[in-house]
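Engineer: From first to last, the protein sequence lines are chains F and L.
At position 205 of the first sequence (counting the first as 1) the number is 205 in this note's numbering, and the numbers step up by one without a gap.
At position 434 of the second sequence (counting the first as 1) the number is 434 in this note's numbering, and the numbers step up by one without a gap.
Do not rely on the hints blindly, as some may be mistaken.
Said to hold, decoys possible - Derived, one-sided and incomplete: chain L residues facing chain F with beta-carbon distance under 10 Å:
| no. | residue |
| --- | --- |
| 1 | Thr88 |
| 2 | Cys215 |
| 3 | Gln233 |
| 4 | Gly238 |
| 5 | Ala470 |
| 6 | Tyr474 |
To be verified - Computed from the model, here is a short list of chain L residues facing chain F with C-beta under 7 Å:
| no. | residue |
| --- | --- |
| 7 | Leu115 |
| 8 | Gly218 |
| 9 | Lys259 |
| 10 | Ala386 |
Unchecked claim - Here are a few chain L residues that sit away from chain F, every Cβ distance over 10 Å (derived from the structure):
| no. | residue |
| --- | --- |
| 11 | Arg105 |
| 12 | Ala111 |
| 13 | Ala135 |
| 14 | Pro209 |
| 15 | Leu220 |
| 16 | Glu225 |
| 17 | Arg240 |
| 18 | His255 |
| 19 | Arg256 |
| 20 | Ala272 |
| 21 | Pro446 |
| 22 | Leu555 |
If you are wondering where the hints come from, they were derived from the structure by calculation, not from laboratory data.
Don't be surprised by glycine CBs; every beta carbon is placed ideally from N, CA and C.
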Amino acid sequence: MRHLHIALWGVLPYLVLVLFLAGSAWRYQYDRFGITTRSSQLHESRLLRVASPMFHIGLLLVIGGHVIGLIVPESLTEALRVPESAYRANALLVGGLAGTAAVAGLSVLIWRRLSTRAVRESSTRSDRALYPVLVTVLVAGLVATLAGSASGDYDYRLGVSIWFRSLFELDPNVDAMRDAPLVFQVHTLTGMALFALWPFSRLVHAFAAPVGYLVRPYVVYRSRRPAPARALDGRPDRA
Amino acid sequence: MARPSLRKKGGAANGRGKAAPRRVMAQVAMVMNLDKCIGCHTCSVTCKQTWTNRPGTEYVWFNNVETRPGQGYPRGYEDQDRWNGGWTLNRRGRLVPRAGGRFRRLSGIFANPDLPELNDYYEPWTYDYATLTDAPLGDDVPTAAPRSLIDGRPTSVEWGPNWDDDLGGGPAHVANDPMLRKIGDGIKLEYEQSFMFYLPRICEHCLNPSCVAACPSGALYKRIEDGIVLVDQDRCRGWRMCVSGCPYKKIYFNHRTGKAEKCTLCYPRIEAGEPTVCSETCVGRLRYLGVILYDPDRVGEAASVEDDRDLYEAQLGCFLDPDDPQVAAAAEASGVPHDWVTAARRSPVHALINKYRVALPLHPEYRTMPMVWYIPPLSPIVDALAETGNDGEDAGNLFGAIESLRIPVSYLAELFTAGDEEPVRASLRKLAAMRAHMRRVNLGEPEDPSIAGSVGMDTDQMRAMYRLLALAKYDERYVIPTAYSGGSFTGHADHGCSLEGPGGPGMMDGDAAGEAFHAPPLVPAPSSAAGEGDGDGPRRVNLLNWNGHGRPAGLFPPRAAGEES
């Protein structure tokens, strides 16, 4: 078992990280045409309009929660005199709500994908691999949040978070992860599977988040000559 | 020519018509003469076979022909209260996309609230042709049942891209025409009193494109050289904002690749100086292609005029007269090639829009400054006259009918001038005058200059317009300069053909130039003609002739003296 834990929590994360980075670079270099949301809204819009924002916004909050929970050490919140009970209540309330929204949204989206024939037809092999993993990650995470916070007998900030930060010190704290409850281990493991699938599935569209749109002029001009792409100074629109 | 000033608060636009433009841009634009469209759909079919005969684009028609009145394709696309396409003025009078600014768009990025569904276009289908030959022998004649091209299941065909063609379906469908609903008040749609005409539509390649403004990825762009609006397929991420942002619904979502696609104005053909496929194959010869010069600095102001009905005049105010030497000089200073300026002078589009003023924009009220314009059809009025037993080609009768017939003029005005009937009447009067004038000529009667004079033209202009509209010769309909010299030429060698260096293939010694222009070089060039353009300019090195040994001549700058290796 010792070797298995070392393999899972000491070696695998680095393999996944390399796959994630190299795969993303490969995808960007060789399949820029394939990077898209692969939206199926054209086929079905009624369910999507409710479920998709629910899933995505829930997921963004969940990611934010992970950043806080994993990266901010307990010593910092203690120094800022955030009471442990308030921190836990917040994690339970916001995390629980966001997680529930994401799971509910994803369930509707998957049901829609299976029941609407046109949407099912447009699903790819990578979708069929991705969705089970995504469901497992989300459900395990939600159970860990609700059950863990409710019972209060495991503080992930003293276990999983320490392991996570130790990864970046290139000195993985395998013991911290070995002592974690099973549901946390499942969540972490399937989470790594998600990152491994990321570059090779539709998840890549998250990298295309169009934040540049907020600062760009409305109308884009480009020259027929491929290089150098030179924009006009001043534009017909006055945006 | 004097342009009516834009009626804008403060009169900021007044008196700018004469000033020399700071910058000039060129646009390849189209005009369609609706009087000549017989609704044969040849343009649609040839376009589809060229561009959208692929999986994922089964339902896509870059070019479609609608019967008006009718709902169009996709159904009711003109109802911007529903689709929120195009631009609008916000409370402060600033031009903003109708669906909201940048933050509102991004907040709705997970599900576009304004996106048409496939059923708003139609569910594409094919037929089980194989059963016609494979069916076992029996008493029944085998049939080819329809099958959906989306999910492969048997389907019942309930709508198509031109379902209400020729007013098919009658009042039940026609009454849903958004423009007809605007005119409202008790228009009778009974067949015997109805009128119709055909409206072929492609992408408008707008001067102020709202699809480009809506694209979060910046994948959509307007080409500087010719104004064609294109989608960069490698940068499109499938956010679908352009589909709903375009008020003409001329951007389509390829459901197989997950990318936006649109009419390209057949840019590979335009670049080679050839007309688009829809123009080339138009049996009615009703399409005109040519260059229009415009002042990009006026576009924003023109698109922001307060009253929708001023937008037509405002857009005319953006266009420049290529015969004006100041404009020509500014154009060449802005990098418009000389042959584009001369093409703009011969441009049939410039003539129909600016000189004769018979062409009108489609839905200027969307504020996108569309660049595919239409000559309104006179035929419904002529037909209405003929049905009442009058001479439908007599100038007096026609002028009277244009004034008195509420339909179709008010309907045409909803399409072309945001409801302002005067420009439509003026255009129709010119067409009527041309008919009356040319009938006298053809019947050998003496010309009556008063007919031309009554619409502000002279008999020479009448004949010229007749030649352009009625005879419509190929090389007068399509005046398209090639793009080989497109862009700003500085005369540097780095823009030229890589084979054109002295000593390169196809070139010859200076002595032989007069004798054999295309002769191969008399003496095989030992190496490339590298290092042309001494001094500061960029150098060009032809590695094709390099034998792989040593240092290619000219690849590196000449060594300084005393630096020999």
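Engineer: Please go over all the hints and tell whether each is borne out by the structure.
Structural biologist: Here's how the hints hold up against the structure:
no. : hint   : verdict
1   : Thr88  : 13 Å, violated
2   : Cys215 : 8 Å, holds
3   : Gln233 : 6 Å, holds
4   : Gly238 : 4 Å, holds
5   : Ala470 : 35 Å, violated
6   : Tyr474 : 26 Å, violated
7   : Leu115 : 6 Å, holds
8   : Gly218 : 5 Å, holds
9   : Lys259 : 6 Å, holds
10  : Ala386 : 45 Å, violated
11  : Arg105 : 7 Å, violated
12  : Ala111 : 4 Å, violated
13  : Ala135 : 26 Å, holds
14  : Pro209 : 6 Å, violated
15  : Leu220 : 7 Å, violated
16  : Glu225 : 5 Å, violated
17  : Arg240 : 6 Å, violated
18  : His255 : 5 Å, violated
19  : Arg256 : 8 Å, violated
20  : Ala272 : 13 Å, holds
21  : Pro446 : 50 Å, holds
22  : Leu555 : 20 Å, holds
Of the numbered hints listed earlier, those contradicted by the structure are 1, 5, 6, 10, 11, 12, 14, 15, 16, 17, 18 and 19.
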